[in-house]
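Trainee: So you can see what is in the structure, the chains are spelled out below.
Protein chains: 6
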Amino acid sequence: MDRVKTGTIGLDEMMHGGLLPQTATIVEGAPGTGKTTLGMQFIHHGIVHENEPGIILTFEQFPAQYYRDAANFGWDFRKLEEEGKLRIMMSSPEVSRAYLEEAGGQIEEIAREMGARRIVVDSLSQFERLAEDPLELRQTIYSFMNGLKREGLTAIFTWESMTLLGGVEQHKTTIPFVADTYILLRYVEMESAMHKALLVLKMRGSDHDKDIRQFTITSQGIQVQSRFEGREGIMSGSPHQMTDSFMRAFVKR
Amino acid sequence: MDRVKTGTIGLDEMMHGGLLPQTATIVEGAPGTGKTTLGMQFIHHGIVHENEPGIILTFEQFPAQYYRDAANFGWDFRKLEEEGKLRIMMSSPEVSRAYLEEAGGQIEEIAREMGARRIVVDSLSQFERLAEDPLELRQTIYSFMNGLKREGLTAIFTWESMTLLGGVEQHKTTIPFVADTYILLRYVEMESAMHKALLVLKMRGSDHDKDIRQFTITSQGIQVQSRFEGREGIMSGSPHQMTDSFMRAFVKR
Amino acid sequence: MDRVKTGTIGLDEMMHGGLLPQTATIVEGAPGTGKTTLGMQFIHHGIVHENEPGIILTFEQFPAQYYRDAANFGWDFRKLEEEGKLRIMMSSPEVSRAYLEEAGGQIEEIAREMGARRIVVDSLSQFERLAEDPLELRQTIYSFMNGLKREGLTAIFTWESMTLLGGVEQHKTTIPFVADTYILLRYVEMESAMHKALLVLKMRGSDHDKDIRQFTITSQGIQVQSRFEGREGIMSGSPHQMTDSFMRAFVKR
Amino acid sequence: MDRVKTGTIGLDEMMHGGLLPQTATIVEGAPGTGKTTLGMQFIHHGIVHENEPGIILTFEQFPAQYYRDAANFGWDFRKLEEEGKLRIMMSSPEVSRAYLEEAGGQIEEIAREMGARRIVVDSLSQFERLAEDPLELRQTIYSFMNGLKREGLTAIFTWESMTLLGGVEQHKTTIPFVADTYILLRYVEMESAMHKALLVLKMRGSDHDKDIRQFTITSQGIQVQSRFEGREGIMSGSPHQMTDSFMRAFVKR
Amino acid sequence: MDRVKTGTIGLDEMMHGGLLPQTATIVEGAPGTGKTTLGMQFIHHGIVHENEPGIILTFEQFPAQYYRDAANFGWDFRKLEEEGKLRIMMSSPEVSRAYLEEAGGQIEEIAREMGARRIVVDSLSQFERLAEDPLELRQTIYSFMNGLKREGLTAIFTWESMTLLGGVEQHKTTIPFVADTYILLRYVEMESAMHKALLVLKMRGSDHDKDIRQFTITSQGIQVQSRFEGREGIMSGSPHQMTDSFMRAFVKR
Amino acid sequence: MDRVKTGTIGLDEMMHGGLLPQTATIVEGAPGTGKTTLGMQFIHHGIVHENEPGIILTFEQFPAQYYRDAANFGWDFRKLEEEGKLRIMMSSPEVSRAYLEEAGGQIEEIAREMGARRIVVDSLSQFERLAEDPLELRQTIYSFMNGLKREGLTAIFTWESMTLLGGVEQHKTTIPFVADTYILLRYVEMESAMHKALLVLKMRGSDHDKDIRQFTITSQGIQVQSRFEGREGIMSGSPHQMTDSFMRAFVKR
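Going down the list, the sequences are from chains X, G, S, F, L and V. Our numbering numbers the first residue of the first sequence as 69 and each following residue consecutively. Our numbering numbers the first residue of the second sequence as 69 and each following residue consecutively. Our numbering numbers the first residue of the third sequence as 69 and each following residue consecutively. Our numbering numbers the first residue of the fourth sequence as 69 and each following residue consecutively. Our numbering numbers the first residue of the fifth sequence as 69 and each following residue consecutively. Our numbering numbers the first residue of the sixth sequence as 69 and each following residue consecutively.
The following block holds chain X by itself, in its conformation from the complex (with noise of 0.2 angstroms):
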C-alpha cells in the first residue's frame, strides 16, 4: 500500500514508510513539544517533495504566525499559498462548530478546487470544549476525521497535553480512540537537561516500531533519533538508570 510521508525523518521510517492514506493521526504533546512543527512539516513535504497540495486549519493563530513559524526551517508558507499549493484556513472558536456541522461545506469546496491531499488540524484541544457531553463531542469528532478522509485527505490534529513530565496520563476523554494512528511526544529529563521522545502508540492497519525515541528540532525541522539507551521509565519524564548496566559493569570485571 502507498504511504504519505511525513517527511519527519526517522518517523516515516517508524510507521513503515508513512502514514495510511486517507487516516486520521492524532499528535499530542506538551508546550514546545513540536506538535504544530510536525504538522507543518508534514504539509511542507506534501507539497515540495509530493506534489500534495495541502490546508492548515487553524482556530487561533493567524497565517501570519504559521509563516513565521515556517520560515525559519526556511520554508516558504506565503509563497506556497500564493501558488495555490497551501491554504491556511483560520476561524474563531466561536465558528468552529458551524465548520464542524457543515463539514463537507468550506473545507471540502477548498480541498477540491486545490486539488488537497493533506490537511493539518491546530488544535484538536479547542473541538474539545464544544460539548459538554463527551459521547456527543466524540460522535462530532468521529463525524469530522470521516469527512476528512471521504474527501481523500490525510489528516494530522494537533493536540495539547499539560502534562509537562510524565507521570500516569489519565485523560478524561477517549478521542484517541477514534483516531487511526496515535503519536506522542514527550518531555524527559536527562542529565539536568530537557530531551524529547516521540512514540507511535497507535497505528491501525498497519505494523509499527514501538521504541520510544529521542528526537530534536533542527533547522530543518523535527529529527526522529535513536532509542533512549540503559533508561527505564522513560515514559515517565523522568528516567533513571537501569541496574542492568550496573549489573553488567560488575559481572565483567
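In case anyone wonders, no lab produced these hints; they're calculated from the structure. One should not assume that every hint holds.
Since the list gives no way to pick one copy over another, a pair counts as held whenever it fits inside one copy or between any two copies.
With a Cα cut of at most 20 angstroms, we get these calculated SDA-like pairs of lysine to any residue [to be verified]:
(1) K217 x R71
(2) K147 x G273
(3) K147 x T241
Given chain X's structure and the hints, the job is docking chains G, S, F, L and V onto it.
Mentor: Showing chains G, S, F, L and V alone in chain X's frame:
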C-alpha cells in the same frame, strides 16, 4: 466442558482451552492495545474454524472500517458477511439504549436467523455514558449480557481505558464484576520501547493461567507469548529489573 | 467461646478457630479475587459439616449462577436448597431498600422457618448506592447487620473494590467501621503473575493472625497458604524484594 | 502538674506521665487499629485505679457492644455501670447535634451527678457530617470540647480514618487543630504482616516522646512497645529497610 | 536596615537578622508543628527584649488558652496584658470579616493606643473560608496586610496545613504570593521518630538562608538547629539516606 | 535577528542572545522563586542598557512595593519613572478585564507616548479567574498578547504556581500554549537546602538551551549558573544522586 476457542494463540491455553460457552467477557485496554483485533479474531476463528456464525455490534465504527482492519490479517469479512456467517450491525449511540432495552428484539432475531454463536460488542464504553446512575447502568448491562447468553451467544465486550501507562487503576464503575471473564491488555515500557501485556484477571467457573504475558500483533492477529522475565512492577506499565537477578550475579561469583 | 468455622482452610486458623457467632464480616476484594467463593464455601461448610442451614441474599445474580459456580467446587446447591438447608433469595436493587427497612420481615421469617445460622449478603456494594447521605447509609447497614445478629445469624457481606492493584486505598465510606470482622482480598504481582493475598485486618472480640497470606482458588475452594517471604510492600500490589536478603547474601560471603 | 493516666502501658510514658487534665485528645485510626479499645482502657483505668468515674458517649454502638468488647480484656463494664462509676450514653446521629448544642444539658448533669472526670466520645467522625460548612462544624466541636473541659472532664475523641495504609494523609477538615493532643494509630506492613504504630503528633502544654512506636492489643489492652528499628518510611504504612544498616554491614567487613 | 527580631534562636540568623519591619509573614504548618508558639515567642520577645508592644488577634482560641500555653515557656502573658504591653483580641469567625473590612477600625485604634509594633494573626486559615471567590479573598487579605503595615506593625500570620507528611503540596489558594515572608514548618520522619523542619522559602527584600533546618520546641520556645545531614527528600516528610555517603564508604576502603 | 536582552546573566545565553522581539513570554514559578525580580530586571536592563522604555502592569501590588523591591538590587525605579522611561500602571482586578478588552486603549496610548518597547504583566494568574470558560479566557489572553505585540512591545507575563516542590505538574489551563516563550522557575531540594532551577521549556522561532540550570538571586538580580551535576529527577523538586557516579566509582577501582 466444551470451550469456545478465541483463536488467539496462547490465550486459549491460558484459559485452559478457551472461554466457557454462553459467558460474557470484558477485554479492557488503552488505544492501540488490540481489543478490537482480539474481538475480530474471535469472530473470524469461530466462523472459519468452528463453524460458528458471529455478530459484531458496533456503536461507532462503520462496517467498512472492520472490513479494512480485518483485511490486514487476511480475514475477508465482506465475503463472510455475504455468506451469511457474519453480521456487522451498526447503531448510533442515540439508539443504543433502545437496542439494550429491547435486547430480545432485533439482535435476537438476527442471531436466530443466522444461527450466531458468538458476538463482539465494540465497545462497552459507549454504554457507560447512557445512564447517570451507576447502579441502573450496571443493571442494564447485566440484563443485556444475560439476554445474549440466553440466545446461546458467547460474548466479548471491548472496554476502552485511557490509562496509557499503569499506575493505580481505580475504576469508577464496577462493571467488571458482572462479567464472567475479565481480560486486561496493557502497555509496558521496557528498554525504551512499548511492549504489550495480557492478563486474565478473572474467569468464573474455570481455573486459568495467572501469568502476565507479553503479546504482539502480527499479520496473523494476536499472539500471546511467554511471561516477562526478571521484572517487577509490570502492571505499573514501567517495570524495573529485579534485584533478584542482581543478587544472583553477585552470589554466583 | 464457640467459633463459626468458615471452612476455608487456613482462614479459620488465622481467626483462632473461626468467626465469632452472631457477628458481621466484610470481605472486600477486586473482581476475581474470590469474595463470592469464600461466601459460598462458608454457607456450604455450615450446611454440610456443621449442620447449620444458610441463606444467600443476592441483589444481582440469579440463583442459577450460584448453582453453576458452586458446582465447580463440587457443591450441589440445588440439592441443598431442595432439602431446605439452603435458601438463595434474590432481590432486584429496587426492592433491596425495602428488604433492609423491614429487615425483621421476610428474611427473619425464612431464617426462623429453616433454622438458618449463616447468611451471605452478595454484595454490600449494592447497598452503598441506596442512600445519598453516608451517615444515613451507615445507620441503615448497621441496623441491618444488627437485625441479622438478633436472628442468631453469623453474616458475611461481600464488598466490591475496583482497586485492581494496591496503592493507597482511601475509601469514601466508613462502612468497615461497623463490621465486626474485616477481611481484605488483594491481587499481588510477583514474577510476572498475579497472586492473591488475604489479610484479616480487624476482628472485634478476638485476637487474630496479622499475616498477609497467599491464597489460591482450587477445585475444593479457597486455600490459604503461608505468608509472602522476603517481599516488602505487598499491600501495594506490586511488592519488591527486600534488601535484607540482599544484605545477607553479601555478609555471608 | 498532675497527669491523667490513660492506663495504656507505654503511652503514659510517651506523654511524660499522661494527658494533661481537662484537655481534649483526638485518637485517629483505621478500622481495627484499636481506637475504641484505647478509649475503654482510659475509662476503665480511671475508674479502677484512679477512682475517677467516666462516661462513654456513643453515637452508634449499643452499650451491650461495649460490655462485650470490654469483657475481652477482663473489664466488667456492666458492673461498673451498676456501681454508678461508669455511664454509657447512647445517642442516635439524629439527636447528636442537639446533644452538642445543649452541651451543658444532659451530659453536664450526668457528669456532675456521678462525679465523672473522664469521657470518651466514640466517635468524632459522626459529628463531621452534621454541618456542611467546615468552619461552623469546627466551631461546634470546639465549643463542645470547651464545654466538657469546663465540667472538669478529660476527654478522648476517637476519629475514624479510612486510610488503611499510609501514603500522604491530606485531611479535608482541620479538626485536629482544635484538639490539645493528637494521637495517630496506623497500620504498618512489615515482613508480610500488619503491625500497628502509635505516634503522639501534638501535645499542647507538654513535651512528649516523638517516637513512632509499635503496639499490640493483648488480653490486657493496648501495650505500646519500642520504636521500629532500621526502617524508613514507617508513616507511609509500607516501610523499607534503611540503607544505613546495609552500609554498616559493608563497612564493618 | 533595621530588623525585627523574632526571638526564635536560629531563625533570626537564617533571616540575616530578623524580619523586615512592616512586612507580613506567613508561618505554615500541620497541627503541633509550633506555629502558634513561634507567634507567641515573636510577641513575647518584642515586648520583653525590644520594648515593642504586641497584639494577638485570634478567631478561635480564648485568651486563657494563650495564657496557659505561654506559661509553659515561662512567659507571663496575663501580666504583660495588665501592663498594657500585650493585647489579646478575640473575634468569632462571624465578625472576622467585619474586622477585615474596617481594618482601620478597632485594631488600628488599639494599636495606636498601646503603641503596638507587632501583631500575630492566629490564624489566616479562618479567613480562607470567608469568601468563595479566591480572587476576592486574596484582595481582602492583601488589603488587611497592607492596613497592618500602614499602622507600622510587623505581622505574623499562622496558616494551618493538614498535610501531616510531605508529598506534593499543591495549595488551592495563592495567598502566600501576597506575603512578604513565607516560612514552612514540616514534620519529617527519621529513625522511627517525628522530627520538625523549618524553611524560609521566600523573603521579599532580603537575602536569607535556604537551608532546611531541624528545630525543637524546648521549655524556652522554638530553637532552630543545624540542617539535616546525609538525607534526600526531606520536604517529602520521609527522607532517605543519600547514596552519597554510601559511595563514600565504599570508595574510601 | 535582533534579540531583546533580558539582562539576566546566563538566561540570554540560554536563549541564544535573548528573547525574540515582539513576543510574549510566560515565566512561571512558586512564591519566592523570583518571577517578579526577573521581570523587573528585564525592564531595568531595557531602560538602562538598551535605551528601551518599559511598562509594569500590576493588578495587585502598589508601585511603592516595586520601588522598594527594585531598590534592593540598586535599581532606582522612582527616578526612572520620573524620567519618563518607566511607567508602573496599577489596576484593581475589577477593572483588569476592561483593560484587556480595550487593550488598544490606555496601555496603547501610554506605550506610544513614552516609546515603550518592553512590558511586564504581573501577574497573568489574576487574569485566570476572570472568565469561567477556559476557551474564552484563552482567547482573551491571546488577543491581549497580540495587542501588545502589535504595539511593538516585548512582553513578560509572570504566572504563579503553588506547586512548591515538583511532582507531576498537570495544569488545568492551557495558557502556555499561546505564549511564544515559556520559562519555568522551580524549587529543588538538595543537601538539606532549597535551590532554584530555571528551564526554558519552549521558545517559538528560535533554538534554545534545554539545560535545567541552577540560579541564585544576588544583590545584582538573578544569575543563572551551570546545570545540576550527577542528579536525576530534578524537575520533581527532590532529585536523587545518579547511580551513574556510583557505578563509575566502582568500575574505576
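Trainee: All hints are to be evaluated individually against the structure, with a verdict given for each.
Mentor: Quick rundown of the hints versus the structure:
no.: 1; hint: K217 x R71; result: within (15 angstroms within a copy, 41 angstroms between copies)
no.: 2; hint: K147 x G273; result: between (36 angstroms within a copy, 19 angstroms between copies)
no.: 3; hint: K147 x T241; result: neither (38 angstroms within a copy, 35 angstroms between copies)
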